[in-house]
Structures are given as C-alpha cells and as structure tokens.
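Participant: Kindly produce the complete structure, drawing on both the sequences and the hints.
Listed in order, the protein sequences are those of chains V, A, Y and D. 1 is the number of the first residue of the first sequence in the numbering used here; add one for each residue after it. 1 is the number of the first residue of the second sequence in the numbering used here; add one for each residue after it. 1 is the number of the first residue of the third sequence in the numbering used here; add one for each residue after it. 1 is the number of the first residue of the fourth sequence in the numbering used here; add one for each residue after it.
Incorrect hints may appear among the rest.
Claimed, not checked - Taking lysine-lysine pairs in the DSSO-like style, the calculated list, with each CA pair at most 27 Å apart, reads:
| no. | chain 1 | residue 1 | chain 2 | residue 2 |
| --- | --- | --- | --- | --- |
| 1 | A | 428 | Y | 99 |
| 2 | D | 204 | A | 428 |
| 3 | A | 483 | Y | 99 |
| 4 | Y | 97 | A | 428 |
| 5 | A | 701 | A | 1000 |
| 6 | D | 154 | Y | 49 |
| 7 | D | 31 | D | 224 |
| 8 | A | 701 | A | 684 |
| 9 | D | 216 | Y | 49 |
| 10 | D | 288 | A | 522 |
| 11 | A | 155 | D | 267 |
| 12 | Y | 49 | D | 288 |
| 13 | D | 154 | A | 155 |
| 14 | D | 267 | A | 25 |
| 15 | A | 381 | A | 522 |
| 16 | D | 288 | A | 384 |
| 17 | V | 94 | A | 684 |
To be verified - Per label pair, the in silico range of CB-to-CB distance:
| no. | chain 1 | residue 1 | chain 2 | residue 2 | range |
| --- | --- | --- | --- | --- | --- |
| 18 | A | 972 | D | 105 | 42 to 52 Å |
| 19 | V | 44 | A | 201 | 53 to 63 Å |
| 20 | V | 91 | Y | 101 | 57 to 67 Å |
If you're looking for bench data, these hints aren't it; they were derived computationally from the structure. No residue lacks a Cβ here, since even glycine has one placed at the ideal position from N, Cα and C.
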Amino acid sequence: MSNAVSALNHASYQGFALVEEMGLQGMITLRGDFADATFQKAVKDVCGQDIPGQREVTVADGKGVAWMSPDELLVLVPYSDSASAAMDLAEALKGTHALAANVSDARVVIRVKGENAREVIAKIAPVDLSVASFQPGQIRRTRLAQVAAAFWMSGEDEFTIVAFRSVADYVFNLLKTSAIKGSEVGYL
Amino acid sequence: MSTRLSNTGRLVNRSAVKNFTFNGKKMQGYEGDTLASALLANDQMLVGRSFKYHRPRGIVASGGEEPNALVNMGEGARFEPNQRTTTTELFDGLTCTSQNHWPSLEFDVGVANNYVARFLPAGFYYKTFMAPRAAWKHVFEPIIRQSAGLGKAPKEMDVDRYEHFYAFEDVVVVGGGIAGLQAAKAAADSGAQVMLMEQTTDWGGRAPVDGAVIDGKPADQWIDETVAALEAMENVTLRTRMMGAGVYDHGYITGYERVADHTPGDGRPRHRLWRIRAKQIVTATGAIERPLSFAGNDIPGVMLASAVRDYVVNYGVSIGEKTVVVTNNDDGYRTAIALVEAGLQVPMVVDARSEVEGELPNKARDLGIRVEAGKAIGKVKGGKRVTGVGICLQNGEGGALEEVKCDAVAMAGGWSPVVHLWSHCGGKLIWDETQAHFRPDANRAPTGANGEAFVLTAGIANGDMGTTEALASGDAAGKAAAKAAGHKASRKAAPKADVVAENAMAPVWIMPQNAGPDLRMKMWLDYQNDVKVSDVQLAAREGYESVEHTKRYTTLGMATDQGKLSNINGLAILADSLNAEIPQVGTTTFRPPYTPISMASIAGEARGEIFQPLRKTPMHDWIENNGAHFEPVGHWRRPYAYLQDGETVEEAVKREVKNTRRKLGLLDASTLGKIIVKGPDAGKFMDMMYTNMMSTLKVGKCRYGLMCNENGFLSDDGVVARMDEDTWLCHTTSGGADRIHGWMEEWLQTEWWDWDVYVANVTEQYAQVAVVGPNARKVLEKLGGMDVTKGSLPFMEWAEGQIGGFDTRVFRISFSGELSYEIAVPASQGRAFWDALMEAGEEFGVQPYGTECLHIMRAEKGFIMIGDETDGTIIPQDLGLNWAISKKKEDFLGKRAQERTFMTNPDRWKLVGLETLDGSVLPDGAYAIKEGDNDNGQRNMEGRVTSTYHSPTLGRGIAMGIIHNGPDRMGEVIEFGKVDGTMVKAKIVDQVFFDKNGEKQDV
Amino acid sequence: MLILECPYCGVAAEETELAAGGEAHLTRFGPGSSDDDFETYMFMRENPKGVNFERWRHANGCGKWFHAARCTMTLEVFGTYSAQTYEPPADLIKAIKKKRPDWPGYGAHK
Amino acid sequence: MRRYSAFAIAREAARYHQGWERAWAAPEPKKKYDVIIVGAGGHGLATAFYLGKNFGITNVAIIEKGWLGGGNTGRNTTIIRSNYLQDPSAAIYEKARSLYETMSQDLNYNVMFSPRGVMMLAQTESEIRGYQRTAHANAYQGVSTEFISPQRVKELCPIMNIDGPRYPVLGALWQPRGGTARHDAVAWGYARACSDMGMDIIQKCEVTGVRSEGGKVVGVDTSKGAIDCNKLAVVVAGHSSDLAQMAGFRLPMESVALQALVSEPIKPCMDVVVMANTVHGYMSQSDKGEMVIGGGTDAFNNYTQRGSFHHIEETVRALVETFPMVSRLKMLRQWGGIVDVTGDRSPIITKTPVQNMFINAGWGTGGFKAIPGSGWAMAELVAKGEPGPLSAEFGMNRFIEGRFIDESVAAGVAH
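Facilitator: Here it is, written out as structure tokens:
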C-alpha cells in the first residue's frame, strides 16, 4: 500500500561498514509440524523453498524461509504479497494444526555490509562470528546488546538483521556506534 | 637524585620527546616512557601521600603492583583519579597532579596523623569515637572521610567512547613474557586457535632485563623472532595493551584493552572490554617481587630491586647515584650488577643469608661490590628521600654496626607468582617451601562446564623460576591446552636457555630477626594503607586470627593494589604471631579484576541514547512533535499528556478529558499487547489462562478477561476477541505483552505440551488507535468504508473492513465509558491512519489525549487498572470482579490458590469508591486509619487509596480504594491519614462515578 | 557465566541468551488438592548443594523451555534435555551417578 | 572485659600496644549447652547477644563453619533502612535500625553507624505512587520517611544526574535516619560482647548432622564431635536448606548469588545512600572513600560465591547513567555472597517440625540492615519457644494460608 512506511524509512550510515535499513520486507511467522506433507507443500508453494534444516535459512530474490525453532519458520515474501501469502498459507493449512501470522509490519530489517561487518555484530552479540563458525546459510537468533534479534549472512561481507519494529532506532544506533570509523578491531 | 642516563634504555626512543606536567611543573620524557619512569627521569621521586598517616610516598615498583604512585590525571571531561603512573604510557600534553594531601605535596597538614601514629594503631577507630553518640556522624566521621580517599572525584561528563567485543578461542594465553610466548607458540603449532594478550606495550616481560640467553641468542632477539613467527600464523591473535582482568565460570575471561589511553581524543574507543569464551586459559602472568620489612622501608627512595633494574635497563633512568641493595636471594644481585654496569655506585649489598656464594654474588664481588652476608638494614635515614641506611646483624635486635650513605635502597625479598587469574574461579594454591611463595596447585585447577580443568599456568606464574624451566612449562602448558581443546599436541621441543645457577633464598620476613616493638612499628607492609608489622601482630594478639579478620581489621591488602606487595609478607607475620605454618593460615580470596578497570568499559556502548532500548510506536515522532509530556512505561515512552502553548500538565489533562467526553479524542493504543491463540485445544487453554469462561465466547464478540498467576493474584487484564472457530486474540496491558506471551508459552511447553495450541505475539504488527467520544462514529463515517453503526457493529463486537482506504480491524470496546472504537491497522500505515483521523476529525473537535486522561476517564467509570488497583497481592475477589470469575470451570490458573484461608477470609479489604467530604483529592496511597495500635505499636489501618484523581467531568476529587468490609459500609465516612499526621474524611460510595448505567458507551 | 546447550536449536547459548526458570519436574496441584501438596508445588524447593535439575528458557533464541542437570557447587553441567518429560532421562541419571558416586539420586529428598 | 576508649588507647600506646587482650575467646566446645546457635554471622551473634541480655541465657555456643562474620555479614553493601511498606517488615527493620543507633555504646565497640540518610529514587509514575504509599504507611508505622522533590534530591546528592534524559528523577522516598555501618565491626562487636558474657564462639567447626529423639532436638554432630543442647537455633543465611535437610524437612527457599563491587577510593563526594530500582543500581561511599555498589542476584541456584558478570554490567551501566562521574572511576574489586530467597522474598523466623529447633532465614538481599532486630526477635522465639510480636507474622504457615509479606508491590505495571 502506498502509505506504508518502514520503521526507519531507509536510514543509512557509512562507518567502517555500511549500516542501512532495508525497507519493508514481507514476513510470516509460520508454526506447525515440519514433518507434515501438507505443511511442507504449503511452504514450498508460498516461497519456493523446502523447509530448511536446523538454524538454516534459504533466500532467493526476496523470497525464502528461515528455521526459527523446531515448530516455527519465518517465511519471507515481498511486502506487497505478505497479506495474501499469509491468507494462502492459512487456506492451504486448513484442517491441519498450524498458525500463520503476518508479522511484516512488526519487524525492522537492517543490513550491515563491508569487509569488517562481522566485527560490527561481534561487539554487541555473544556469538562466535569467526569465519570458521558462521557462514552464509546459517541463521542465529540471539540478542543485540539489550534486545532480541536474528541475523544471517546474506553475502560474504553482509549481514541481514531482523529485530522488532519498536526498537528499530535502538538497533540502528547500536550498529551505527559499533561501526564508527576508528573502532575497527582487526580481529575477525 | 634520580636522573636519566645516557647509555641505557631499551624501550625509550630518545628522538621522540614528550612534554608533560606534574603539579603544574613542566617536564619532559621520551616515547616509550611510562609516566613513572618519566617522573623519575625528572627527579620526581616524591609523588603522593599515604592513606592513613599521610607519609611521603615515592615510586616503589615498575608495574601494576605499584601501591604509591597514583595521580589525578587529565582535566575536565577527561579527568581521572588514581591513575597508576607505572602502567600509564607517557604521551605529549599529559597533565597530572599528586593526591591525598593539603595544601601541597611537600607540605601536607594531614601528616599530623603521622606524628600521633602511635595512637592510631590498627583498628583504633573501633575502640573510640563512641561518645557522645552524635559525634560520630557529625565530628569524627567527616574528619576520617576527609583524610581518607585518594584522588578527587571527577566532575564533568565523560566524553570518551567505550565498547565490548565478544571473542571465542580454543586457547587464551595471558601474559606476553617468554613463557606466554612459548605457550602461545606451542598451542598454535598444535593447531589451536590462540589469543595471546599482554598488558604492557612490549613483548618479552622480564627476560631481557634479566639478561636471559635463549637458544644461544639474547632474549630480545628470541622474542622478536617468536613474535614474528606468531604474527605470521593464521590461527593466532596477538594483542598488547590488553590485560586479563578476570576469569569467570565456564571459560569466560574478560580482557581489558586500553585502546586509546595514550592517544586521548583521537576518536577511537578509549577502552574495549573483551568478553572471551576460551576452551582453555593459560596464565603466564609472571611474578611480583616482595619488599623486605625493615624500619623505614617506606621512605621515598626505597624501591623493589627488580624495579630499580627495570628503570635502568628499560628506560635509562637511575633511581639514585648510590644504591644499597638489600636481599635474601641471588636475584637481588642482578640489580647490583646492572647498576654498576650502568656506571652507578652500589656501596653495599646487604644479604640476610649467612652464607653467600654462587655465580651472581661472585660476579658482583668481581665487579668490586661490597657484599655483607648475614646483615640487615636496621633503619633507613631520611624523610622525603633516603639519605642513608643503618646496617645491623640479621639475627640481632638492630644495634647499628655502621651507617652507609646512599640515596636509594633496592629491596629483593623473593618472588610471588601472580596467581590471581588462576584463583578467580576457584583454582587452589600450594605453599612452596624453597621459594617461600604460593603457587597454583595443578591438581586443584578451576573446572568448567564439563567438570574438567580449564586453566593452566606457565612460567614464573607457576613457580618455575629459571628461564629454561619457564620456557619448558610454557611449552607444556601450550601443548596441554591445545590437546584439551581438541587438537593434537605438537612434537616440537621447547627452547633452552643458558642456566644461571642460583642458591636458595632465605625466607626473611622481618629485618632484623629480633627487632623490638619500636622497630616493628616502623616496618611497612602495606604502603598505601599504612599497615605495619606491629599492626598485624596486634590483630593476632586480639584474636583476629583468620587471615580475613586480620585483613579487614588492619586493612592489609585492601588498598588499590589489593595487596600485591603486602599480602605474603603480612601472612608470614600473622603465621609467625600464631605459631602456625603459612599454608595453615592461607590466603585471602583473589577477586576480579586483576588491577582496577574503568567502570565505563564495563558499561560499554550503553550510554546516552543507547543506554537502554527505547520502544517507539509508529506514531512516536508525531507524538514527540505535538507537545507530548512523556512517561516511561516499561521500555516504551507514552504521552502522559499533550501540552498546548502555555499549558501546565494539569491543565492539559483537564482539557483532554473534557474534550474527549464532549467531542472526540484519539489515543495511541499501539503499546497494548496482542497475542493470537490458535488450535483445536485453544478454547481449553484460554479457559485455563483466564478466570472467565472464554471457550464460549462467540466468534465476532469481545469479552473483558482477567488473568491470575498460580498464586491467585491478578496479573493482567484485557479484552479478548474470538476471531474464528479455533482462534482467539488476546489484548494485554502495555507492560504485559511479552510477559503474558512468555507465560502462555511456558504452560504450553512445560505443562500441557500435549495440547494442540500455538500462540504468536503480534503486538507490533499493528498500530492501534482508540477513537473515543460522542463524535467517534462521525469521524469514521466521514472517512468512509465499513459500516460502523450500532446495528452492524454493536458494543463489545469486532469487525474487519476498510476505513478511509485502510485495512482495519475495529473493536467496539470502551475503557472510557464513551462511544469508542479501537482500530488496528498494519503498523507501517499507523502514522498515515493517525494523520487521516486527525485531519478528518478536525471539524469534530478531535484532540489527542494521553495516559493520564485515560486513567481519569477509567476511574470516573470505576474501571480497575492493573498496577493501580493491583500490586501483586490483590485477587479479583478483592476488586468485586467475581462476575469475571467463572464458577462453572473446574480449574484455571490461580483457582486453587484462591481457595487458601487467607484468600477466602471475609476480612480482606475490598474495592469501593471514595468521595472526600470537602471535594478535595485524596492523597495518592493514603491509608484509612483505625483506632488503636497493633502489638508492634503501629497504628491500625482499615484500608487504603488505590487510585485518586481530580475529575474534570465532575469537578471534584474521586478515588477508589480497598477498605475492610467496604462494600457493606456504603455511605460511611472514614478517615485517611496524611503524611503530616492530619486526617481527611471521605465517604464510602459506589466506585462508578459517571454514567452508572453505561448508556454513553452503548450508543 | 554459564553456557547451556539448547536441546531444541543446538546452540551453545550463553547465560545472557537464557532465562532461568527454577526447579524442574514440579507436579502441578490444582483445585481439590491438599494444602500440603499445593504448598509443596508452589514453594517447597530442594535447593540442593550438588546436583540440581532446573528449568531454563532459550529466551533470546528459539524461545523454547528446556531442562538442565547442573551442580550448584561447581556449576558443572551434566546435560540438558527436553522440557516435555516428567523426570530426567535414565542415561543422564546414570552418567551423573558415575561422576558423583555419593549423589543420593534423583528425587532422594522429595 | 576491659573497656575500649581513647584513654585505653593512650595507655596502650605507651607500651607499644602490647597489652591489648583478645576481643573474644577461642574455646573448645563443651559437652552440652542450653542453646546452640548454628552460624556466627551477624544474625546468629545478635541472637546470642539478646538471649543473654534480654533473657539471661548465657550457656550458649555459637558454632561457625568458617570464621565469624565471614558470610553475608562481611560481604554486603552495609545499607541500613526501615522504609518498608508492609507492617511486619516495617516493625522488625525499624526495631533493627533503632538498635543500630545505640549499638556502638551498647557493645562498647564502634560499629560506625552513620545515619547519613537513604533515598530511593522514583523514576516512573508507578514508583511515585508506590513510594508515596510507603511514606503514608511509614507515617503510621513509626518510621520517619518523606517523599521529596527532585530539587531536594539534587541538593542531597549533587553528583546525581536528575534530568535523565532517559529516566529523569521524579522524586524520592527519603529516610533521613537510614544510613550505613561498618559490617565487620557489627559481627566483631557482638562476638566480643557474647564472649564476655561467657558464651562460646567456636569457629572452623562445621555442623554435619542434627540429632533428635522423639521429634525433639538433642544436639548436633560437628567436625569437632557431637555437642548436646536443649535448644537449637539455625541462623545460616544461604545454607538454610542444607541444615533443614539434615533435620529432615524442606524450606520454601532457594539460594542464589548476590553480587557487589567497590570502586577505588576517592575524596568524599556523596553523603547519602541512593537506591535506583528502575535502572537497578544502588550506591554509597564508604568512609575509606570507595563507592560501594550493589549488584543483582542470579536467577539460578548457586552456592559458589561467584556471580555472573552481566549483572555487574547492568548495575554499572545504570550507575554511569545516574551518576556520570562513575564513568571515570575504576572497579577495584567485585565479589559475591549466597542469599536465600523465600516464596514472598520476606524472611522466616519460625519453629520447625523438629521440637526446640528454630530457624531464622530467608533474608534475601536485605539481611544486614535487619541484624539487631532479627537477633532480638529470634532470641525471644528461642527463649520462650513461641514467637513474639516482631516475628509473629514471619512464620512458615503463611505460605499455606496465602498470607504473604510482599515488599515488591510498588513494582506494578501501568497501562
């Protein structure tokens, strides 16, 4: 819809890495039985991906799906399709025990891009971000300083971060502070 | 005098001059200097005053163990007290001042304490200052506080930045001396991911100063080669200026990196606190030399022998022209030799041991140094600077044999391994008789998550005194750590060093052995806190026998150096006084951090706007720009009221209430929790969560519900809407959303996991606006879209549809008693929807209203508020909410608890309305006072105010409260006590003050 | 600073990603239960020195509750396991007994 | 007992302080005592002292596993206040506070009670209401408190940032006669007085078992052998569950680690005690000049006197925001203690299923300030076998009845 505005309206900051809000992204929280064929098909139909393995994420051109817990997925679709996609899922899963909730507006999506992107995150997340331990294709739900968040690597030097919309400012300023030029760590 | 030498100084770059000031005096040093070495180069030995007696204090050490040389550093927003000069890198423009004196360092009136020191023994303050009673607070305590303390308190807001960093390693090696370097090398060669941290700016530790030769090369060369090799390895991280601060459970170790202390204002973070998870930790933290206890050992110019050596060799600074070395071991001779080789005089080496032979002593003799065996220092002459020493027999009572003129004394009392990090997390120690020190007991190491040891030690930190031994234990520790971290230990052999044969040291705890009380009162153990041998002996005599008692009674080791120099000497004295062995006496507990770390580094990035998350609704910016006076609610900030030009908060609230009741008000209700509950068993689950019957709620309808915890207390409330056959939408309080969602998940996952129910917290998916007032329907109809007439959308129902082109979900619910629609739209369109309502509402007199207006309107209607009427001890029955408690249900959370005797007791205070007779507003939280006192002499009470406001609608004070038998006492007048002791009379009335029949909301 | 492995998402989570939830395997007593049973359920705790079975939630993570067996004297973690159990798995109990021969066993004081 | 005084010091100075006698004796245990008190912390020693002083019972042994005063008495942040909301709490804490006022004189040992004033900051609307309610209650509980303005807060504590921006100070609950005392001295002063009354303080003696016959306690087994007694009082803070288990019953209690830290000493800059609950931090300045800072408790059972680092981080973060000057101070030392916390976070002073065995526990994070009042009430319970008015409400039956003494009520959540 024309008057839909993302939390930070594409704010960005260039430190030793680029921090930018990605605008609106369609997201559906989907809970159900991963082993159920109907469920698997519904996921495939809506985002074109199979159900990912534990802590895995698969995204291709704006569509994809992330493993959030043994009975929860985060389905990614273009924002404009999110409402209909949520309804399609609900429809496809009628009769099975499942829950599809459109949370596209409840989130902020921020990208951190640059050679030292790993270090920007490692200042605020208690997670091993060494190349050996964290790679594209993996998703990690954790905290960024004082708030819950999830992130995955959307490229070699690029993180996509999902957090709650209400703390978009906080998370952005946090990442911005972490990325201030001169505070490179030279570790990761 | 102390001065800069021309021919030595391996760490200073004489081509880079650095200007600084001390107490306003302009001074110069070189790049590579510490502030301490630069002060000494400028003959500034006197740098401060002691804590208790304000005695003159000089620099005694060259590292983190320094107890005396602390200064106020910097100015304004970068001012910092208690900076340790021995660990402060000199930089251009550094300014510092000495501490703990008035009016000046040279003349300090506080020194008066020194002249009556005899009347101020350990713990004297426990024995006096007791009468008259008031005198402690008003006379004695202020005096003591003034004379205590060290540096000044900072005044301005810190302008520097700080940050954290999370790292994960197989092996973390603390300490960049030769043992640490070799440990890191061995671990890295074994394939482990290794971090090596060194607190100073330079690698190699003491080995170069001590003239070690490794694999046939001078130490410096071996160190450079090893560092180069490590730098070349992918799996190794090297960090200098980074101290291992503390070791915590499960392999957690904090690293304190002083990134920019030496380059203030260059934009980098000043400190970075590393929070590292290590599979294994190797502490190669070296050792600290012990002072010797002789009369006057605290006079400026008396210094640790190793420090004297450091200053000469590392910084090219001589402590004095004539230095007397006093020792109980061979290592002390290294200092004597280094001094003479640097062209300085050593009139005498005073060695407490009766037999003195061996490589180092003989080399000293060959250099023409006079060595006196079996001797001791009986006293030190001088006030603010050593002028000479009196020599006596070690096994005597102190009778002077001769006097030696000197301007410096170098003490070598033996070495104590730095066992702090080993001990932080429970590592135990053993007493080493031959070296007379505590060292880590490898059999009782700290254990981690898997129950296995996770800390190893290496080098002198492990009591391996010789260079070869240190390298060997470093090598072994590195390999063992890598192995424990899951790698295959490398086969490479450890390097070898040229062996210098050293004879046994003699544990000498006081000098001379039979010194009388008069001398023992002049033998300092703790220089900063002024604790002397006589004080420890006094503590023992008075029964403070536990080492912790002694420490606390005398303050031994409680100064900012945490006893790094004094503890072992103090222990020995205590053990001797108790006729016990030192290991029986034991040590005090080692606690983090190893040396003090900045508070700011602990707080990290969390300052200013990112001190804490601040949650914002989609309308937050509009609210902020339209006169909002905010109140914090959880991490949200909600508008308490919107102030128009010149309005006070009270006036604004009054206006908002009147306007909403007469025309139209908008409330940003987005913070209210919204939780979806879905599944075949959702109805059953809802009936357990709520006291009401929710399973019978018809699709399309809304019902107000209550939630209790298992203790029966009311924990949250809100409107529940039935979305479809197996889906409910639960509204919670603003503070409640996450709590209630977690609460639901907890029961579903841990108690009723066989129930088919899913819940999802969609609070932030929607912006929610309460459109309230007589004109509410008009504005919605003007925007156009779905039918919002009473007929198609009656009170307590909900519907979905478009309004003004927005996809909405509309709830006909009212918390104000007015015609009211709560409308949810996708959060991304919340601001646009709000703007549309404001614009369309203009002709209907729309105004936004805040939380206080909300509170008043609900109070006028007698609605309860979680957090006002409830406080965690209130059950629904107290609030007359029995109608919301299903009698039909067998069970719901809190039901069993509410059956307990105290819950069913008829004497519980119950909710009623209250009206003051004079129309005034009852004070918030006032209690209703009854006749008589209870058994503890407290006045009896019969109730209290839970909510109280001035009602703009009724033009008088209204209140709710819980009163003993309240509902049965309608019309009765009771008294509420004010804090000033006076009383207010109020009448017990029905709690619904306005529109009792609820006609206005149901139009 | 504890580390516990979440049995649901496999993350070795650190304490700040977790929320502690008190004693595990409590039996809920509802309406009709005796005063003693209800008091025991609500308030009486083993609080042992040694092996403790407790609840945790992977709050800053997958959001799942799980159980852990941990020593309150050394903080050693013997294992984590599903929250959907009425008592600790036998193999875990066996493993603990092996490490702590003088441990009286699960529920010894109940 | 030779009295302490300035004259005594002068006398001893003349002879190099060689003449001071032991503050307390170090006896071997006797075969039997009228009363055995387990735990020579502040609460245990105070219990003994008032048994002697108020009831003339002096055939008493105080048994201590480690060294006297070595538990939470010697590990806390020494805050003394009685501005509690609920009647039973206000009564016992105010009793304690008033006993602190004269403790130095009563014990002839300077415990340095410093009634410099305690303020609890209100930084949210619900805190304002909560503290105003407390002020009203206190006015009729005989506790002298008042709710003061932000300006007054600033006058009393100039180093505080009252303007936020995040949590501006909206007022404070102020107790002018609250303050601090020297924690070790409290234990030492009581120990000296008890020893002087002929009681036996037996340190480094661990209780390994509780012996009872026919449901009646007859003694304890210890690392120094069996000792008989007519009555047994258990006052062991964090280790209560352990002792209860020895006697065969459970307590509504869990033991967790509580942390504290101090800064390096600086010249006097803060003359009051400040508690800020919204941001979780409290701070005062010791006579030595250290800023004494209280941290939070872990949520998991723990008997290692080590807490988790992130609690220290949260506390320091809060203090840097509230007192900007803290930013450039340094943390000198951090440590932990084990506290036992009950179902309503209020203490238990009670009889037990075992006859003549009494227990005083569950003081959680508030133990030090209660020491004399707790000892006074416990002594009465032990001497008479029945609770007096001070402890009547603190029985264990309250959990079955659902009659809680909950002091956390001000922390309500508003819409």
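Participant: Is it true that residue 44/V and residue 201/A lie within 53 to 63 Å of each other by Cβ?
Facilitator: holds, 59 Å
Participant: Is it true that the CA of residue 701/A sits at most 27 Å from the CA of residue 1000/A?
Facilitator: Within the cut-off at roughly 20 Å; holds.
Participant: Next pair to validate is residue 216/D with residue 49/Y; report whether the Cα-Cα distance is within 27 Å.
Facilitator: Measuring from Cα to Cα gives roughly 26 Å; hence the hint holds.
Participant: Against the range 42 to 52 Å, how does the distance between the Cβ atoms of residue 972/A and residue 105/D compare: consistent or not?
Facilitator: holds, 49 Å
Participant: Given the hint that residue 204/D pairs with residue 428/A, does the C-alpha gap stay at or below 27 Å?
Facilitator: Satisfied, since the Cα-Cα distance of roughly 19 Å is no more than 27 Å.
Participant: Is the hinted pair residue 49/Y and residue 288/D satisfied, with a Cα-Cα distance of at most 27 Å?
Facilitator: Distance of about 36 Å is beyond 27 Å: violated.
Participant: Checking one constraint from the list: CA of residue 381/A to CA of residue 522/A, max 27 Å. Satisfied?
Facilitator: This hinted pair holds, its Cα atoms lying about 12 Å apart.
Participant: Regarding the pair residue 288/D and residue 522/A, is the alpha-carbon distance no greater than 27 Å?
Facilitator: holds, 23 Å
Participant: Mind checking the alpha carbons of residue 288/D and residue 384/A for me, to see if they're no more than 27 Å apart?
Facilitator: Measuring from Cα to Cα gives roughly 25 Å; hence the hint holds.
Participant: Does residue 684/A lie within 27 Å of residue 701/A when you go C-alpha to C-alpha?
Facilitator: holds, 18 Å
Participant: Residue 31/D and residue 224/D were given as a pair; does the straight-line alpha-carbon distance stay at or below 27 Å?
Facilitator: holds, 11 Å
Participant: Between the alpha carbons of residue 155/A and residue 267/D, is the straight-line distance 27 Å or under?
Facilitator: Within the cut-off at roughly 12 Å; holds.
The earlier numbered hints that this structure contradicts are 6, 12.
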